[in-house]
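Taken in sequence, the protein lines are chains A, B and C.
Anchor point for the first sequence: position 79 equals 79 in my numbering, and the numbering is continuous, going up by one each time.
In my numbering, each number is its position in the second sequence, counted from 1, plus 1000.
In my numbering, each number is its position in the third sequence, counted from 1, plus 2000.
Hints are supplied without guarantee of correctness; some may be wrong.
Below, in silico cross-link-like pairs of lysine-lysine (DSSO-like), each with a Cα-Cα straight-line distance of 30 Å or less [stated by the list, open to error]:
| id | chain 1 | residue 1 | chain 2 | residue 2 |
| --- | --- | --- | --- | --- |
| 1 | A | Lys238 | A | Lys202 |
| 2 | A | Lys202 | A | Lys158 |
| 3 | B | Lys1087 | B | Lys1055 |
| 4 | A | Lys158 | B | Lys1055 |
| 5 | B | Lys1087 | A | Lys339 |
| 6 | C | Lys2077 | A | Lys26 |
| 7 | A | Lys147 | C | Lys2047 |
| 8 | A | Lys339 | C | Lys2056 |
| 9 | A | Lys339 | C | Lys2077 |
| 10 | A | Lys147 | C | Lys2056 |
| 11 | A | Lys202 | B | Lys1055 |
| 12 | C | Lys2056 | C | Lys2077 |
| 13 | C | Lys2056 | A | Lys158 |
| 14 | A | Lys30 | C | Lys2056 |
| 15 | C | Lys2056 | A | Lys238 |
| 16 | C | Lys2077 | C | Lys2047 |
| 17 | A | Lys238 | A | Lys158 |
| 18 | A | Lys202 | A | Lys147 |
| 19 | A | Lys30 | C | Lys2077 |
| 20 | A | Lys339 | A | Lys158 |
| 21 | A | Lys158 | A | Lys147 |
These are computed hints drawn from the structure, not numbers from a lab.
Predicted model only: the values in this text are computed from it and were never measured.
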Amino acid sequence: MSGVPARIVVLGGGVGGTLVANLLDKRLGKDAAITVVDPTGMHDYQPGYLYLALNGANAHWLSRDERTLLRGGVDLAIEEAVRIHPDAGTVQLARGGSLAWDYLVIATGARLVYDEIPGLAEGSHGFYSLTEAERLRAALRTFSGGKIVIGVAGIPYKCPPAPVEFAMLLEEHLRDRGIRDRSEVVLASPLNRAFTIESASKIVQPIMRERGIQLETFFNVESVDPSAGIVSSLEGDKLEYDLLVLVPPHRGQDVISDSNLGDAGGWIPTNRSTLNAGGYERVFALGDATDLPISKSGSTAHFEAPVIASRIASLILGTAPAENYGGRVMCFLETGNGKATVLRFDYEHPPVPPEPSRGWHMAKWIFNRAYWETVPQGRLPDRAPGTMPKEVVR
Amino acid sequence: MSEEGTVSLVLFSGTDDRLQSAAVLAVGAAAMGRKVNLFLQYWALDAFRADRILKDHGLSPEAGEEGAEAMFAQGKTHWSELLRQAKSIGEVQIQACADSMEMFGLTQDDLDPVVDGIWGVAAFFAEADGSITFI
Amino acid sequence: METTTVTTTIDARGMPCPGPLMSLIGAIRQGQVGDVIEVLSSDDGSKTDIPAWVAKAQHELVEVVPEDGYARFRVRKVR
């Protein structure tokens, strides 16, 4: 073991990047020099935007200074990475200058591309960014009745349950405001059911029927006509709307494509078990940035981070790598009226969602509130949030 | 093993508001991956009797009229059901205090199935490697 | 014997969310006309779900190749 600390650069200060940096610092201490590179230096809690749009959350608790979430031994460079050179072991920064690394973790997330869909920007609302959620909140405040259509304008997208959750919580919101009888809520699903996981759809669809939420199937948004108030699908169908809420198209960050590391969507080819990126031994990727056809969810990054930390530590310390990512994901799914269910699965075990309950809704609420003090710092035990239940792990 | 250890809740009071409070804490701790042990003593144990669990256990004196209204406006999930849900969220155990069982002349069959077993005080302390909260 | 030239392969085995069908739709949208997208799925539902979408969206289900415990769905982007 040489006395020179290994240089680790983490691109992106979101949940995955922050957690992997903290775990590496905990494990390696002076054996590593870790730098998180983030363009804004702010860490956002994206699951809160949906609630903000429906008046359930305040912007002030959805964003924090990344510096306050990182351990003292981790450096933070508030910079934008513009090129990654895997063979040279460097990252070029927008303002000039570069960082040399021995190990690189790519946690750059996803970007929203509104202009890929004609009419989307002028004709629709959304809750995938803070500004969009605030704009939607304002639109809902002046909404006094009419037809609201919720749809998906690009795949992949972050948080697959979100459109379903939004439909359920919106319907409840309209009831609370006393305008439900003057409104229609339509969920336009890209698939032939409400949600991709069939067992969850079986729970959710009867609830939607009970609450009068209409389901349109095989509806992948292709264009929006703002003046006519019509949204069209690539399958050839059209829906009229008074208020349109869309999940926008997502792509990987420019730095990935500009470095010729990404696929057609700008996502990095990543090994599903070792999380090595682009076939490089010393480059890893996690979270939304990967090309894995797995949920783009905070929990995915949360469960991937310890695997990468362990594998990099093994490389540095010269021990055999012990941990693989087993595909673990955990997502809550709100069903309105103070209840929620949960989706817990991994590569070997499909989900077995429980009947929606107040317990799980509370668990989600508590988790949301506790996030800042627990998740990025790696303070949650391996079995949180929610253990893998006996019915799933047979 | 979590960084902060098992959450041990000692339930003494048998009113619905305190039991609801304990149930919410159990759900929260379970959601955060903490192991939770509930230890039922005295009037809390009495509230878990199979023939009484769903009956009205009243509220603490602090509640008053408005308190009662506020509590029932909250939602209809009984604390015993919330505790069952906490068990499906994480590792939650509910144990009856052996001494209190003796005091009331109870056997495990007299208790609602949500109670997992009987512990003496020594067993409770052996398992309590983290904070102990008294409700 | 393999005769179809596959442009992109997506291994969605053991990944129920977003799921093989959603991943296929995303890749078709992103791809060029003429591309053949191959999705590996261990989910039984894919046998009905994928052909149903392909028919509705008017693309071509080139072939379904059964393997041990999963299947390869090959879809050509037609328009």
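Going through the hints against the structure:
At most 30 Å may separate the alpha-carbon atoms for a hinted pair to count; Lys238 of chain A and Lys202 of chain A meet this at roughly 26 Å. Of the supplied pair hints, the one linking Lys202 of chain A and Lys158 of chain A holds, its CA atoms being roughly 22 Å apart against a limit of 30 Å. Taking the CA atoms of Lys1087 of chain B and Lys1055 of chain B, the gap is about 22 Å. The hint holds against a cut of 30 Å. For the suggested pair Lys158 of chain A and Lys1055 of chain B, the alpha carbons sit about 45 Å apart, so the restraint of at most 30 Å is broken.
Distance check on the hinted pair: Lys1087 of chain B and Lys339 of chain A sit about 16 Å apart at the alpha-carbon level, within 30 Å; holds. Taken as a hint, the Lys2077 of chain C and Lys26 of chain A pair is broken in the structure, with Cα atoms around 48 Å apart against an allowance of 30 Å. A C-alpha spacing of about 35 Å is found between Lys147 of chain A and Lys2047 of chain C, which places the hinted pair above 30 Å, so the restraint is violated. Between the alpha carbons of Lys339 of chain A and Lys2056 of chain C the distance comes to roughly 35 Å, so the proposed pair goes past 30 Å and is violated.
Our distance criterion of 30 Å between C-alpha atoms is broken by Lys339 of chain A and Lys2077 of chain C, whose separation comes to about 41 Å. With a C-alpha separation of about 25 Å, the suggested pairing of Lys147 of chain A with Lys2056 of chain C holds against the 30 Å cut-off. Our distance criterion of 30 Å between C-alpha atoms is broken by Lys202 of chain A and Lys1055 of chain B, whose separation comes to about 34 Å. Between Lys2056 of chain C and Lys2077 of chain C, the direct Cα distance comes to roughly 13 Å. Compliance with the 30 Å bound is thereby established for this hinted pair.
Restraint check for Lys2056 of chain C and Lys158 of chain A: satisfied, since their Cα atoms lie roughly 25 Å apart, inside the 30 Å limit. Taking the CA atoms of Lys30 of chain A and Lys2056 of chain C, the gap is about 58 Å. The hint is violated against a cut of 30 Å. About 14 Å separates the Cα atoms of Lys2056 of chain C and Lys238 of chain A, which keeps this hinted pair within 30 Å; it holds. Straight-line distance between C-alpha atoms of Lys2077 of chain C and Lys2047 of chain C comes to about 19 Å, which keeps the hinted pair within the 30 Å bound.
Pair hint Lys238 of chain A plus Lys158 of chain A holds up; C-alpha atoms about 25 Å apart against a cutoff of 30 Å. Taking the CA atoms of Lys202 of chain A and Lys147 of chain A, the gap is about 25 Å. The hint holds against a cut of 30 Å. For the hint linking Lys30 of chain A to Lys2077 of chain C, the alpha-carbon distance of about 53 Å lies beyond 30 Å, and the restraint is violated. Proximity of Lys339 of chain A to Lys158 of chain A is assessed by CA-CA distance (about 22 Å); at most 30 Å being required, the pair is judged to hold.
The straight-line distance between the Cα atoms of Lys158 of chain A and Lys147 of chain A is roughly 25 Å, inside the 30 Å bound, and the hint therefore holds.
Going through the hint list in order, the structure does not satisfy hints 4, 6, 7, 8, 9, 11, 14, 19.
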